[in-house]
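Novice: We have chain A already, so just place chain B on it with the hints.
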Amino acid sequence: MAVNEKNILNRLYFIAGCMFIFGLAVVFKLLSIQFLQGDVYRAKATERVVKNDTIPANRGNVYSVNGNLLATSIPKYDIRLDALTSKAKTFEKYVKPLCDSLSKYSGKSSNKLEKDIRRARANRNRYFLLARNIGYSDYIRLRNFPLLNLGAFKGGLVVEQTTKREHPMGGIAQRTIGYERIDDKGNVTRPGIDGAFGVKYLRGVDGQRMKQQIGKGQWKPLSDANEIEPQDGYDVYTTIDVNIQDIAHHALLAQLEKYKADHGCVVVMETKTGEIRAISNLGRNKNGHYYERLNYAVGESHESGSTFKLMALAAAFEDKVTDTSDVVDTERGIISFYGKKVRDSKHGGYGKISVSKAFEVSSNTGIVKVIDQAYRKQPEKFVDRLYDMNLNNDLDLPIIGEPKPIIPDPRVKNGRWSGIALQWMAYGYGVSFTPLQTLTFYNAVANDGVMVKPRFLKEVKEFDKVIEPFEKEVINNQICSKETISKLQALLKNVVEKEHGTGHRLYSKNFSMAGKTGTCQKDYRDKEKLNYISSFAGYFPVENPKYSCIVVIHEPDKSVGYYGADVSGPVFKRVAQKIFTDTPIVDEVETLEVKMGAVEDEYQHYYKMSQKFKTIMPNLVGMPAMDALAFLENMQVDVKVKLDGNGIVKSQSVNKNTKLKNNQTVVLKAS
Amino acid sequence: MQKLFKNIKGDRLIWAIAALLAILSFLPVYSAASNLAYKGAGSSTFTFFVKHFVHLVLGFAIIYGVHKIPYRYFKGLSLVMIPVVLVLLCLTIFQGKTIDGANASRWIQIPFVGMSFQTSALAAVVLMVYVARYMSKIKDEIITFKGSILPLWMPVFLVLILILPANFSTAAIIFLMVVMLVFLGGYPLRYLAVIIGSGILVLTLFILTAKAFPDAMPNRVDTWMGRIDSFTNPGDSDAGYQIDKAKIAIATGGIQGVGPGKSMQKNFLPQSSSDFIFAIIIEEYGLIGGFVIMTLYLWFLFRIVIVAQKSDTIFGKLLVLGVGLPIVFQALINMAVAVELFPVTGQTLPLISSGGTSIWMTCLAIGIILSVSAKREEIKEKEISEENPLEILSEAI
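So the sequence lines, in the order shown, correspond to chains A and B. All the letters of the first sequence, read from the start, carry residue numbers 1 to 671 under the working numbering. All the letters of the second sequence, read from the start, carry residue numbers 1 to 397 under the working numbering.
One chain only, chain A, in its complex shape (with noise of 0.2 Å):
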């Protein structure tokens, strides 16, 4: 007898006692993990499940003063493909669609496509990239897709978005336009108007909102409204004209292009408002190519050259030292100051002539002695008179990176005055400004004295709602006497009217420019590394300007020129040519029709007979093919018309004064 009642219970207690006792071990365990371990992975339940994310705000638009967008935030997606989460099932069915699709899309075989795909499976690849950096549509038409159209669970679909900043405008003034870029350490830059007003207006609040974790890289929200709402960032509008820039970039890079010059700038700016329409920066790269590199215009202060003789001359003139009709000797074209020589461009010098011409012709030595009879005494005047025209303040843009002009001062022991300063900074060496400073002074000049600051912005926008405009900022209301101004505006006037002026090229008598020519020596300490910086600093038109302008161009080639009127000059009138086709004088348009006699008459007799004849068939011979063919298809009866041959028509199939039916066909032979 194998078994009975009494043994069977026995081995059942045996077995029940252990259950029992395992059942105690879970308790015992489930209490170890409860108290012993606890506070170890209570830690670990919170740490991973809940993040404060950040809910990044639009950044806002830029646009141009026409409302061009300038820049402008896209969102761009990364495709990835989980390889290893879709079931082989699925993989294999889709798998052969899905890079025929893509190779549609990209072009790349599909077969290669297939094979990477595979090996990315195979190699239990979860992040395999389909493609980078695309579009929103595309986006949409990838995620139609075979295989991914399934999602990130069963698809393995893995998009990852980012928000890009564009230039819609291409290369134009991208580098005022700017941009606000972080780097992985946390270190800014922000170049150009984007940079410059990214934390005011344009970047908006972030705003932040908490998630809770609910599976891997699933977050969801932990209540229904966000923590923080984030507040998308205000449209900038600048005063970019997007044509007057178009005019300018392209003026300049044919410019450089033509004197392999190294870079320029060209700005223009309204006189009265001191807006600025158009700001180009062009530097040539290794390979010849010119581009906006840095923001010359703003942040490239040089010595100005002859530029800087209206300055010297306005402070002459401001202080009745000096006046136009003044005879100055330019003695042969050489002066000395402690053996320093100061030298005419023109071998053998002027002669003896008035202030006014010394001006014109750009003479260095004319200059040089009007400014070292009247101030030599005491130079401290002329530099006072300068700082009156506030030419040794900076302009305080909000575009970062500009540097402060530099005007020597016999009161300042900076190392910069010297014996020969105030007969240097008479034609402009020894002073420094930016292109942009240069040109503020020219401005105020054109607009009779009232210096205006130069600005870039017009307004920032909400939606249509304006939130802060920007009004035209006067730096000095009349930075010298209105007399002082007429005798500058007429010098630099008379630098493009007069034969004699160095601006003469520039001349054209169908629309007026004033301005000075400039060309400074660069690095003429070495001769060997001798440059030059060939400017042009003016306004037009001469007679209520309505833009002054500043092109400056470094390092023209000296095999084919540099002289200001011939590097710069030709940028300035192309630009003042360009716009005033824009803008002409006279606004009067001839009209170009003229009534010819025989048209005439074609016209009257197709009038009279599309009068007369509705239903009817009229005589067509004689008539144009063309003519005629659109007569009967005009006429109230629908019927079709068959033509052979072109020219005259010669016979047609209906007899003329024959009623017409609809859907008949009219046959007319024409040769």
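These aren't lab readings, by the way, just hints derived from the structure by calculation. All values derive from a computational prediction rather than experimental measurement. Honestly, I wouldn't trust all of these hints.
Capping the alpha-carbon separation at 27 Å, the derived lysine-lysine pairs in DSSO-like fashion look like this [stated by the list, open to error]:
{"hint": "1", "chain 1": "A", "residue 1": "K465", "chain 2": "A", "residue 2": "K453"}
{"hint": "2", "chain 1": "B", "residue 1": "K262", "chain 2": "A", "residue 2": "K220"}
{"hint": "3", "chain 1": "B", "residue 1": "K211", "chain 2": "A", "residue 2": "K87"}
{"hint": "4", "chain 1": "A", "residue 1": "K546", "chain 2": "A", "residue 2": "K522"}
{"hint": "5", "chain 1": "A", "residue 1": "K29", "chain 2": "A", "residue 2": "K51"}
{"hint": "6", "chain 1": "A", "residue 1": "K320", "chain 2": "A", "residue 2": "K377"}
{"hint": "7", "chain 1": "A", "residue 1": "K164", "chain 2": "A", "residue 2": "K87"}
{"hint": "8", "chain 1": "A", "residue 1": "K220", "chain 2": "A", "residue 2": "K76"}
{"hint": "9", "chain 1": "A", "residue 1": "K211", "chain 2": "B", "residue 2": "K139"}
{"hint": "10", "chain 1": "A", "residue 1": "K612", "chain 2": "A", "residue 2": "K642"}
{"hint": "11", "chain 1": "A", "residue 1": "K656", "chain 2": "A", "residue 2": "K642"}
{"hint": "12", "chain 1": "B", "residue 1": "K310", "chain 2": "A", "residue 2": "K51"}
{"hint": "13", "chain 1": "A", "residue 1": "K200", "chain 2": "A", "residue 2": "K458"}
{"hint": "14", "chain 1": "A", "residue 1": "K6", "chain 2": "B", "residue 2": "K211"}
{"hint": "15", "chain 1": "B", "residue 1": "K9", "chain 2": "B", "residue 2": "K262"}
{"hint": "16", "chain 1": "A", "residue 1": "K104", "chain 2": "A", "residue 2": "K164"}
{"hint": "17", "chain 1": "A", "residue 1": "K286", "chain 2": "A", "residue 2": "K642"}
{"hint": "18", "chain 1": "A", "residue 1": "K352", "chain 2": "A", "residue 2": "K341"}
{"hint": "19", "chain 1": "A", "residue 1": "K546", "chain 2": "A", "residue 2": "K260"}
{"hint": "20", "chain 1": "A", "residue 1": "K89", "chain 2": "A", "residue 2": "K76"}
{"hint": "21", "chain 1": "A", "residue 1": "K154", "chain 2": "B", "residue 2": "K51"}
{"hint": "22", "chain 1": "B", "residue 1": "K9", "chain 2": "A", "residue 2": "K87"}
{"hint": "23", "chain 1": "A", "residue 1": "K44", "chain 2": "B", "residue 2": "K262"}
{"hint": "24", "chain 1": "B", "residue 1": "K262", "chain 2": "A", "residue 2": "K6"}
{"hint": "25", "chain 1": "B", "residue 1": "K9", "chain 2": "A", "residue 2": "K29"}
{"hint": "26", "chain 1": "A", "residue 1": "K164", "chain 2": "A", "residue 2": "K220"}
{"hint": "27", "chain 1": "A", "residue 1": "K527", "chain 2": "A", "residue 2": "K498"}
{"hint": "28", "chain 1": "B", "residue 1": "K139", "chain 2": "A", "residue 2": "K6"}
{"hint": "29", "chain 1": "A", "residue 1": "K498", "chain 2": "A", "residue 2": "K404"}
{"hint": "30", "chain 1": "B", "residue 1": "K211", "chain 2": "A", "residue 2": "K89"}
{"hint": "31", "chain 1": "A", "residue 1": "K498", "chain 2": "A", "residue 2": "K482"}
Here's a subset of chain A near chain B, in silico, CB distances under 8 Å, partners left out [to be verified]:
{"hint": "32", "residue": "K6"}
{"hint": "33", "residue": "L9"}
{"hint": "34", "residue": "L12"}
{"hint": "35", "residue": "M19"}
{"hint": "36", "residue": "I21"}
{"hint": "37", "residue": "F22"}
{"hint": "38", "residue": "A25"}
{"hint": "39", "residue": "I33"}
{"hint": "40", "residue": "Q34"}
Heads up, the beta-carbon is just placed ideally off N, CA and C, and yes, glycines get one too.
Specialist: Structure of chain B alone, referenced to chain A:
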């Protein structure tokens, strides 16, 4: 309803425990389903709720139906069912469902109904009844090893070998339960040692073959190794991840729990509504909830012992223990996995975890137990008076 209650026979407490477990299962399953619903396995959490409800209703219908059957019929039925089960297991294995290249063919699709069914669970119940029948049949004979090989161990090993490739833990538990049952039935220990030894030998051979020819057949040897490895050296593996999450759930639960539906780990625990539901219960209902569940199962164990004690026939006793103890054992294994007392297995928490097969087979077993407890008086009389064709079949073999 009144009539229904009148018709309910058998141990009232077992009925009550089963009902309590079923009722308690709703909230955790509903809560844990949210993650499944989110991942797109169903349209909404409510679908899972309804599904679970339907499973349980069907389950209790099974209990009711089965407990009405006089338990001696199960002798013959098990004989008939063994070949059926073997065929079903073969079908399952050749259906060849794989998960990430590892064999996980545990389910077969029931035609027309559109439900899938885990055959190994049915096989377990049938096998236990079969073994109980055999042990009771030879209760008066001298057991010889040779004599027991063909009628006892042949079917057992056939079933286990068919389950093994896809589901090692189930096969192992069934084997253990069979060993336990034959031990209870008075099978000599020295023979048992031989059987256990040969069981281990077969397993080793299987693993070696699978390792040597990885492509010969789809199997889950790597998964088992991974699980056991991560149990012995906790690390950053899949199983380690699950256990980590389960322990986080248990730790955050505390004594009172975070409250119904507020579990966080349900989102990270795969199988949070079945294999790891115990962790979720503790997270949401705390130690209190965990103790209640544990107590219910241990009470159930106690009731099974009582029913076995009171049963008049050896077959009755062995039948109750054969189908009853695995339920408790499975529950304990499930809880042990959650508290990292045992490597990760795919065992569900009977009657609580979602999943139709698990619920129904547990209900089948409970029905059998109730049938034994209900009929213990009547059976004896009827045994003498009636001749049952299945019984004759059973006696003949």
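Novice: For each hint, tell me whether it holds in the structure or not.
Specialist: Hints, one by one, checked against the model:
1. At roughly 25 Å between alpha-carbon atoms, K465 (chain A) and K453 (chain A) fall within 27 Å of each other, so this suggested pair holds.
2. For the hint pairing K262 (chain B) with K220 (chain A), the CA-to-CA distance comes to about 14 Å; that is within 27 Å, so the pair holds.
3. Proposed proximity of K211 (chain B) and K87 (chain A) is supported: the alpha carbons are some 24 Å apart, at most 27 Å.
4. Restraint check for K546 (chain A) and K522 (chain A): not satisfied, since their Cα atoms lie roughly 32 Å apart, outside the 27 Å limit.
5. A hinted pair counts as satisfied when its Cα atoms are at most 27 Å apart, and K29 (chain A) with K51 (chain A) does not qualify at roughly 31 Å.
6. Distance hint between K320 (chain A) and K377 (chain A) is fulfilled; the C-alpha atoms sit about 15 Å from each other, no more than 27 Å.
7. Distance restraint check for K164 (chain A) and K87 (chain A): the Cα-Cα separation of roughly 35 Å exceeds the 27 Å cut-off, and the hinted pair is therefore not satisfied.
8. Proposed proximity of K220 (chain A) and K76 (chain A) is supported: the alpha carbons are some 23 Å apart, at most 27 Å.
9. Distance check on the hinted pair: K211 (chain A) and K139 (chain B) sit about 65 Å apart at the alpha-carbon level, beyond 27 Å; violated.
10. Distance hint between K612 (chain A) and K642 (chain A) is fulfilled; the C-alpha atoms sit about 23 Å from each other, no more than 27 Å.
11. With a C-alpha separation of about 17 Å, the suggested pairing of K656 (chain A) with K642 (chain A) holds against the 27 Å cut-off.
12. Between K310 (chain B) and K51 (chain A), the direct Cα distance comes to roughly 59 Å. Violation of the 27 Å bound is thereby established for this hinted pair.
13. Only pairs whose Cα atoms come within 27 Å are accepted, and K200 (chain A) paired with K458 (chain A) is accepted, the gap being roughly 15 Å.
14. For the given pair, K6 (chain A) sits about 47 Å from K211 (chain B) by alpha-carbon distance, which is inconsistent with the 27 Å threshold.
15. Proposed proximity of K9 (chain B) and K262 (chain B) is contradicted: the alpha carbons are some 39 Å apart, above 27 Å.
16. Pair hint K104 (chain A) plus K164 (chain A) holds up; C-alpha atoms about 26 Å apart against a cutoff of 27 Å.
17. For the hint pairing K286 (chain A) with K642 (chain A), the CA-to-CA distance comes to about 67 Å; that exceeds 27 Å, so the pair is violated.
18. With a C-alpha separation of about 19 Å, the suggested pairing of K352 (chain A) with K341 (chain A) holds against the 27 Å cut-off.
19. Straight-line distance between C-alpha atoms of K546 (chain A) and K260 (chain A) comes to about 31 Å, which puts the hinted pair past the 27 Å bound.
20. Under the criterion of a C-alpha separation no larger than 27 Å, the hint pairing K89 (chain A) with K76 (chain A) is inconsistent with the structure, at around 32 Å.
21. A threshold of 27 Å between alpha carbons decides the hint, and for K154 (chain A) with K51 (chain B) the separation of about 23 Å falls inside it, so the pair holds.
22. Under the criterion of a C-alpha separation no larger than 27 Å, the hint pairing K9 (chain B) with K87 (chain A) is inconsistent with the structure, at around 48 Å.
23. Our distance criterion of 27 Å between C-alpha atoms is met by K44 (chain A) and K262 (chain B), whose separation comes to about 17 Å.
24. Among the hinted pairs, K262 (chain B) with K6 (chain A) is inconsistent with the structure: their alpha-carbon atoms are about 50 Å apart, more than 27 Å.
25. A C-alpha spacing of about 38 Å is found between K9 (chain B) and K29 (chain A), which places the hinted pair above 27 Å, so the restraint is violated.
26. Distance restraint check for K164 (chain A) and K220 (chain A): the Cα-Cα separation of roughly 26 Å lies within the 27 Å cut-off, and the hinted pair is therefore satisfied.
27. Our distance criterion of 27 Å between C-alpha atoms is broken by K527 (chain A) and K498 (chain A), whose separation comes to about 34 Å.
28. About 13 Å separates the Cα atoms of K139 (chain B) and K6 (chain A), which keeps this hinted pair within 27 Å; it holds.
29. With a C-alpha separation of about 35 Å, the suggested pairing of K498 (chain A) with K404 (chain A) is violated against the 27 Å cut-off.
30. With a C-alpha separation of about 25 Å, the suggested pairing of K211 (chain B) with K89 (chain A) holds against the 27 Å cut-off.
31. Between the alpha carbons of K498 (chain A) and K482 (chain A) the distance comes to roughly 23 Å, so the proposed pair stays at or under 27 Å and holds.
32. The interface hint given for K6 (chain A) is violated, since its Cβ lies 11 Å from the closest Cβ of chain B, which is over the 8 Å cut-off.
33. Taking 8 Å as the C-beta contact cut-off toward chain B, the hint placing L9 (chain A) at the interface holds, the least distance being around 6 Å.
34. Annotation: interface hint on L12 (chain A) holds; nearest CB of chain B at approximately 6 Å, less than 8 Å.
35. At a threshold of 8 Å, the smallest CB-CB gap from M19 (chain A) to chain B is about 6 Å, leaving the interface hint in force.
36. The criterion of a C-beta within 8 Å of any C-beta in chain B is not met by I21 (chain A), whose closest approach is roughly 10 Å, and the hint is violated.
37. For F22 (chain A), the interface hint holds, since its Cβ comes within 8 Å of a Cβ in chain B; the closest pair sits about 5 Å apart.
38. Taking 8 Å as the C-beta cut-off, the interface hint given for A25 (chain A) holds, the closest approach to chain B being about 6 Å.
39. Hint on I33 (chain A) holds. Least Cβ distance to chain B is approximately 5 Å, under the 8 Å limit.
40. Below 8 Å, beta-carbon pairs count as interface contacts, and Q34 (chain A) has one with chain B at about 6 Å; its hint therefore holds.
In the structure shown, a violation is registered for the earlier hints numbered 4, 5, 7, 9, 12, 14, 15, 17, 19, 20, 22, 24, 25, 27, 29, 32 and 36, in ascending order.
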